[in-house]
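In the order they appear, the protein sequences are chains A and B. According to the working numbering, the first sequence holds residues 1 to 537 in order. According to the working numbering, the second sequence holds residues 1 to 389 in order.
Hint data in this document are derived by calculation from the structure and do not stem from the laboratory. These figures come from a predicted structure and were not determined experimentally. One should not assume that every hint holds.
[Claimed, not checked] Dumping the calculated SDA-like pairs for lysine to any residue here, alpha-carbon to alpha-carbon at most 20 Å:
hint	chain 1	residue 1	chain 2	residue 2
1	A	289	B	88
2	A	289	B	93
3	A	289	B	75
4	A	289	B	92
5	B	167	A	73
6	B	96	A	337
7	B	170	A	468
8	A	475	B	165
9	B	351	B	181
10	B	82	A	354
11	A	204	B	93
12	A	475	B	166
13	B	167	A	74
14	B	82	A	510
15	B	167	A	71
16	A	475	B	37
17	B	170	A	68
18	B	145	B	264
19	B	128	A	71
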Amino acid sequence: MATVTNTPADTHTADHGHDDHHHGAPKGILRWVLTTNHKDIGTLYLWFAFIMFLVGGAMAMVIRAELFQPGLQIVDPNFFNQMTTVHGLIMVFGAVMPAFTGLANWLVPMMIGAPDMALPRMNNWSFWILPFAFLILLSSLFLEGGGPNFGWTFYAPLSTTYSGDSTALFVFSVHIMGISSIMGAINVIVTILNMRAPGMTLMKMPMFVWTWLITAFLLIAVMPVLAAAVTMVLTDKFFGTSFFDAAGGGDPVMFQHIFWFFGHPEVYIMILPAFGIISQIVPTFSRKKLFGYASMVYATASIALLSFIVWAHHMFTTGMPVGAEMFFMFATMLISVPTGVKVFNWVATMWRGSLTFEIPMMFAIAFIVLFTIGGLSGLMLAITPVDFQYHDTYFVVAHFHYVLVTGAVFSIMAAVYYWLPKWTGKMFDVTLAKWHFWCSLISVNVLFFPMHFVGLAGMPRRIPDYALQFADFNKWISIGGFAFGLSQLIFLVLIVKACRKQGEPVTDQVWEGAEGLEWEIPSPAPYHTFDTPPVVK
Amino acid sequence: MDISGEKSVKSLKAVMGLLTLCVPFFSFAQSAAERSDLNLRRGVTDISDQVYGLHMLMFWICVVIAVIVFGVMFIAMLKHRKSKGHAPANFHENVKVEIAWTVVPFIILIVMAVPAASTLMDMEDVSKPDLSIEVTGSQWKWHYKYMDREVEFFSLLASQREQIENKFPKGENYLLEVDRPLVIPTGQKVRFLITSDDVIHSWWVPDFAVKKDANPGFINEAWTRVNEPGVYRGQCAELCGKDHGFMPIVVIAKEPAEFDRWIDEQERIAQEKRAEEERLLAMNMSKEELMASGEQIYNSVCAACHQPSGEGLPGAFPALKGSAFILNDRQGHIDVVVNGRAGTAMQAFSKQLSMSEIAAVVTYTRNAWGNNTDDLVQAKDVNDLIQGK
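Bound-form chain B, shown alone (with noise of 0.2 Å):
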């Protein structure tokens, strides 16, 4: 067999020769590397750096296998062709070049596999925390939570569903905006606990090289720790249901100081939110102020399921409007958004609302889209509800 000797030689050149061509190419690429909208981001911490050195690592030894392969391929598309009168050689099974062919590639994936596993060993190190967030994934919001410290709290989309629909503009952050953004100190060590009230859903920041599955009924763990101040935006990555593109996902970065400040300042208003509830079940609202307040909650918390119309999506999410259960069943409406309904998508929104809260919402789709059942729901009624009266 002859695939060796002068022949050889000579196309060993011509594929140097191919490789030459390509410089170009590899400069474009190396400069279009670096552009957030082709490629990997390098991110903030230090672990999403080595990702992103591995990143590059892989996709050069890919391109040089893959020049290489083709630069072979195309010589022979050129050269040995019936049209220029190629007569075809009959070498077939050379046992030198099999072997290499079978040890160079294990070679090359010993290369990768080192610095890979190296940089695998340091992610999955969650030991030694300095600060620890629940993270709950639920369809379709996140909800933080501090541990050891009484501050917790649902991030939602923030972007209008008018935006969403095409009648509004949308913002230079649309879909990856949100009501309430986490905010975790810079230089600390912060470790997430990940976890889901329904579904699997995903929580992924790309500056941080973090991506984890919230599994319902169980905790996983991932960490980061940012070097630079800043805002870093991210999105549920694992299909959670209807509403999986519109759960974003937004982390601030502050200096320790600066962190430190507002986290007293989130346990502050906790408490006088707390005092504030204590009061207002004492108080009776009227039914202009539950109806507007409950509209406002029902579309940014219920109309995603339900719908702005209360017709809810056959099949799927049951109708609001007219339904007889909500018409007949005073008490049994409040249990449901407290409670939730076990083995459905509804959630217990006692968790996400407040007292007062609820009891506008109830009211409103109690008196809404010709549902005049005439019903008022004050802050007292759910309260009873929850202290089991």
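Isolated chain A (complex conformation) (with noise of 0.2 Å):
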């Protein structure tokens, strides 16, 4: 759709005043630490959140493994409380998240023809927070009494009257981790808002660019509420205060409506920036428009809308008010709607293309039909009687990891895959990336589907130990952890690869059907692009 007229050759060689910023990349550490280069703190959030990946992923390894088999063999309950409470921060906080931001810091400038993020000072203090905050949050765990053990989720009063000293610890590090995150969406808005090139009308901008704008107003409207979420924690842990304990006049229950009033958002922010990843690649590999762009643009939005008022179908249970239980309910029912169009847009943009299945497709396609299981089961848990059943069984645990990982992590490899050789200007290693890709397809099914059954079949989630009759589904979810743990580390041995710049030089354009502006640069991308603007037509 976005045609540039000047090529960036031109505007490479063009007279500048300013040739400091002609220089490539500095040497040395102070490089990463000093950087307000887009694409080097790119490459940091994505460095960070891949390791990230692997330490929340060891930690899913102790919990698959305690639950091997029944009876206690490997970690006491206290410390599998805590394996469960940080695996999930750390994915969603320390993987999934920082991996979005990765990919908007190297490709939404790219995308839109602007030399840098809006604010690039800004940039380099956004990620350099966040490994201190997860170094308090890992700390923790060497702690007297260990880290937090309520569950991400934290609910009061387990995470308040009932728990550690380490919550302090907890609580600031989450306080960080949101400052990040707030910093890095102020960040996106200002550059999509501001920056764009000349003709690069807001209709025209790549879908990726699209639901990136529409995550970050979600993040500024509900990373405060996290933080006071937080804060009531503490002050009611440390300071006295009441504010969920019925004692002193509080309600634990609001506790839960101001938690998933952040975290139901958040778990779109987790997942459309994966639309928008999806929405660039198959039209890539099918050779053809993405079928209805305005109305993938208008889906997600109303997506974005419609995550402010579902937040209590995660409190089902907590004893609402019929008519609220209706509201939430028939609410929730109606995100399939926009949620639909866009898995109808992706098969109609594939119908009577002309596909090819490289690596990035293929991460794709397995993104649309796991997503859509994710999303099918997610239709399921809205209905509310029968979410009384569902609530709180593996049956939910299947469901969101069908959507977080087979959803928004493979979106993430895709799109790794996808841009990878414009970063690097090689191909990377396909024989492992296949290697990579068929390993974690089954793997990860083997690992999450059975959890369906065993959800259904009665067994609670969180749980350290179970009855004999979920014996035999939980020996072969624990055998299909450790295989997709193990497929990660060939996809580590492919990067590693990548980044030593070994394989085949690519074209510019990389991938044949690849359009759009970030297509239109050398690869490697240079350090400095779009010095000039380029015009879009």
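If you follow the hints, you should be able to join the two separate chains into one complex; please do so.
What follows is the structure, given as structure tokens:
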């Protein structure tokens, strides 16, 4: 849709007074500490996310090892609860969200023809506080009494009156993560609204940019709510307030309302950019335009708006008035309409295209199928009377891992494979990538699909030991888990090889059907791009 | 745009063909649906049956949607490949198609919403109960109290610690068995008044399709009317701390006449117990008796937090072994066990344990693991503290 009239080569050789920009990247470790370059910061975010993905994954391995058979074998229940809690926090705030921010950093300026993010110094700051947030969180695991053990949803009063002293560290680290996210979101919004190349109207922006713009508004709306929730937990625990304590006039259920008012939009924060990625990849390898660009934009906006009025579907068993249950049930069901529009759009884009199945496309297709499975189980969960049976069982665990692992994480992998050759200038190791794809695809389904069965059969989530009837499936789930964990080491090797610039050089366009500004600049993308904005017709 | 026309008839046929191929899968899925290790249970109440029906309705709608959407996609993946020389079409944006795939899902949603709403209304109608039972969760046990009757008791996990630690073989109902199950009559509307003494728990019996959170300081209502006598098992469904996985629920449904006999009997036993308690107040037990009974009570009630070794879990649950408080403050020690310690996980055990039991367990903790205070605490001492003497 967007075409450049003056080629990047022209802009690159154009004369500039401030030629300090035009030396490549500085050398040494300080390059990374002091950098304000959107590509460097994007790389930092992506590496950080990948490391956190491996750390959080290691915790999942502990969980699955303990659940391999009935009885307690490896860890005690208190440590098990710390593992489930910190696994969730790390994967949400440390892996998925920073990975999307990293992709936004790399891609948004290149897609809209901007030289960098609008606020480069803040960009550096919003990344560099993140490692400290997670060091604080992880260090709490080594304190006496251990780290947070109340689930990533930290329901009061388990997280207040009944929690350990490390709660203070948990609260502090969540605050830092929140500040980082808000700054990242401000940067994305300011960049997109102010720095688009001439001619790049809003309705000409690539879908990835659109979905990130909407995501950034969601972040700004709800991260302060999370900050409020953790602050109230902090004062309830340490300073004698009673926000969530009925004995002092508070209400523990109010915590859940506040948390999920953040938590549900948060879920879409983790999936809207994924929709954007898939909407970039599917047209490329179908060699056909996205079927309904405008309807995709409107569907994304509708999902974002609806996400603010469905939060209590996480709380159907807390004892709400029946009218409220009805409202939240119907509102939740409505979300499936715009989500369906997205899936139909991708399928219609593939329909009668000229399909090829390179690695990014394979991940994208796996995303469409497996995310849809997660979406359909989400629709089942919306039905309040049946949710009473599903709630807090492994059925829910299966549902959100389908949307978050085979949804968000697969989309991130698809994105990395799609844009990696542009970043490094070399084609990644395709054989390794195929191994990574097939091993991941098979193991992830062995891991998460049987969770539907044990959940329906009555296995609650967040338990370190279980009744004998669940033993067989849990064994398979654990085997799938270990295999999925190991498969990611293939990805690690592949990425390391790519970062060492091994592989065949690629063209500027990289993929035959790729369209957009980022495919018109050289591969690898120069350290500075679009010093002079391109003009988009 | 030419999605319509001859091509789409062809593709419709292909989708129908794919659907036919799926028939064996459907029949397999139908038979699998009846297996309790794969699917939701139909349960033993009219409500749970309706819920099961809704679940299966939702499941089949989802399966059909998935087959159609993925079917179209797989056809495209097979036929519209570049390697087969398929040139890309150039269509995009079609208002009719886009309206259709917005409106049709909306209609499907209404088909789902109507029966769901009606079942929900039934589930939430807690009026006119025949019997009310107060259900109180606490870390990590349930307490049941029959309203208008003199019967109340705690219900704790009955699986042995050695089974959990893999030292003894696990029984058939491992982790789903309790020392004292809840007993309810069949055919009557039983209302549960659910609350908590500490953190949030959730009372769940899948066969009744009842799951309701137990919130501290608030009372939730739920109800059931069980059609068949039997033993029904469930678990706490809301993360409630360390032993969340170890607080099961067992409900026995008895014929009303049998239930009446049972509850009369329980009332009589409760009265006898109170008389026995009075009698024991005047009696002194020997150190051996106190220590033996105290050890048993300690291991079933206290050891979950303070550990069998008395060493606690540093940072979470304090050690009793060598504790200066225990060694130096006999009255304070009894007081903490009787009244609990506000703002911590230490509960008031006067509700769960009799005075002689408290005496025994306090004596035990004052003399076990090298806590050699040589103090004996008798039921009378506990009674004096409770009476404020």
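Status of the hints after comparison with the structure:
{"no.": "1", "hint": "289/A with 88/B", "verdict": "holds, 10 Å"}
{"no.": "2", "hint": "289/A with 93/B", "verdict": "holds, 10 Å"}
{"no.": "3", "hint": "289/A with 75/B", "verdict": "holds, 19 Å"}
{"no.": "4", "hint": "289/A with 92/B", "verdict": "holds, 7 Å"}
{"no.": "5", "hint": "167/B with 73/A", "verdict": "holds, 11 Å"}
{"no.": "6", "hint": "96/B with 337/A", "verdict": "holds, 16 Å"}
{"no.": "7", "hint": "170/B with 468/A", "verdict": "holds, 8 Å"}
{"no.": "8", "hint": "475/A with 165/B", "verdict": "holds, 18 Å"}
{"no.": "9", "hint": "351/B with 181/B", "verdict": "holds, 18 Å"}
{"no.": "10", "hint": "82/B with 354/A", "verdict": "holds, 5 Å"}
{"no.": "11", "hint": "204/A with 93/B", "verdict": "holds, 15 Å"}
{"no.": "12", "hint": "475/A with 166/B", "verdict": "holds, 17 Å"}
{"no.": "13", "hint": "167/B with 74/A", "verdict": "holds, 14 Å"}
{"no.": "14", "hint": "82/B with 510/A", "verdict": "holds, 17 Å"}
{"no.": "15", "hint": "167/B with 71/A", "verdict": "holds, 10 Å"}
{"no.": "16", "hint": "475/A with 37/B", "verdict": "holds, 14 Å"}
{"no.": "17", "hint": "170/B with 68/A", "verdict": "holds, 16 Å"}
{"no.": "18", "hint": "145/B with 264/B", "verdict": "holds, 14 Å"}
{"no.": "19", "hint": "128/B with 71/A", "verdict": "violated, 43 Å"}
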